[in-house]
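Take the sequences, apply the hints, and build the full model.
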Amino acid sequence: MAHALPAADSAFPVATQPTMVDRPAIAEVIVPRHLNRSFTYAIPEPLRDHLQVGSRVLIPFGTSMLQGVVVALSARCSHGDPQDLVKSDRLAGRLREIASVIDEIPEAGLTPALLTLTRLVSERYLAPWGQCIRLILPTLPVDRHSSRYLITEEGRTKRGSPGRLASTASQILAKLIDAPKGMTTTSLRRTVTGPVARTLRTLALHKWVQEIEQDRRGGQGSRTEQRDSSASELVPASSPRQFHRPQESAPSSSQEQAWWDHLCSALNRVEPRVFLLQGPASQRLSYVIRAAEETLARDRTVMILAPEVARAAAIAELARARWEGRVELFHSGLTPTKRGHVWRRIRAGTASIVVGTRSAVF
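Residues 1 to 362 (our numbering) make up the sequence shown, in order.
Don't read these hints as lab results, they were simulated from the structure. Do not take every clue at face value.
Quick list of simulated restraints, FRET-style, between CB atoms [unchecked claim]:
1) G349 x L263: 22 to 32 Å
2) E45 x A281: 54 to 64 Å
3) Q257 x R358: 24 to 34 Å
4) L296 x S253: 21 to 31 Å
5) A321 x R273: 23 to 33 Å
From the three backbone atoms N, C-alpha and C, an ideal C-beta is built for every residue, glycine too.
So, in structure tokens, the structure goes:
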């Protein structure tokens, strides 16, 4: 029986990517459990060109399937004597295989820098690495529509000549032949190796499978939509908006001017600095907006944190009035779908200004 083995050399392996010459065959995976170690899995052949450090994967774990994150890749198993390639190959054959890749585009996974950050948080606060990774990765959205796939007559014909099909496509068609009511992408990922979602799109394009979408909202469909409120709707009607609007004025005293010059000087440096600003809320916000403008002028990005959702939404509304589509609002009140969309925009670099609560830090 194949096994998932804990990493031998250390609880937390260093995030590494193999060279182009050595295709990865072994992956170290962290799971979102209270376990202070990674687990070693074999990478099936169809996934070796798609997997990278930071990818989310579906893995067999005991008697269940779990989502995990790849934190290291290698061409050979690191257990046993590294000089004994025969021993390494035999051990690799005992490993359980990764079932599928959840993130089929690189932007959806974690960068090595974010993995390093989660590891530092884990070590500083003595928390399991998998739990820290959960803080950063957005929850996978639960679609309001459940798509099932059925094999078509043309797909049955193509299934009869498997030699001309890629491995993942052949596996999918074989599963669908035995499922007269069709199968969902989630169900297929549990038993099929390779990029399932991408292959299904290709098969549908060739009319070898048919997608049937079923609405799962029922009478509660509006609940999710109500949570996708705009910034203005998240601000209570009683919120003193006029009080928070920034004053468009230059520093009015020599002391304020000296403080502003000191801040602008710090923006030209790399090391972080801390500044305390006292005064009315509208004046503080004015300086925050001006500091953001100075930061953008230096071709850098901005993050503005607020202690509560309503205040963050109000600041985001003011920022959008000035910078329009360059601003994103991120907080725990957004739906998983919306959070994932915003998170990917930020990862892709299309948002220059992020406004949010503490959860926006990651």
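Could you tell me whether the CB distance from L296 to S253 stays inside 21 to 31 Å? Taking Cβ atoms as reference, L296 and S253 lie about 26 Å apart, which means the hint holds.
Given a hinted range of 23 to 33 Å, is it respected by the beta-carbon distance of A321 and R273? Hint holds: Cβ distance 28 Å, inside 23 to 33 Å.
Is it true that the C-beta distance of E45 to A281 lies inside 54 to 64 Å, as the hint says? holds (60 Å)
Can you let me know if the beta-carbon spacing of G349 and L263 is within 22 to 32 Å? holds (25 Å)
Determine whether the Cβ-Cβ distance between Q257 and R358 falls within the hinted range of 24 to 34 Å. holds (32 Å)
The structure shown violates none of the earlier numbered hints.
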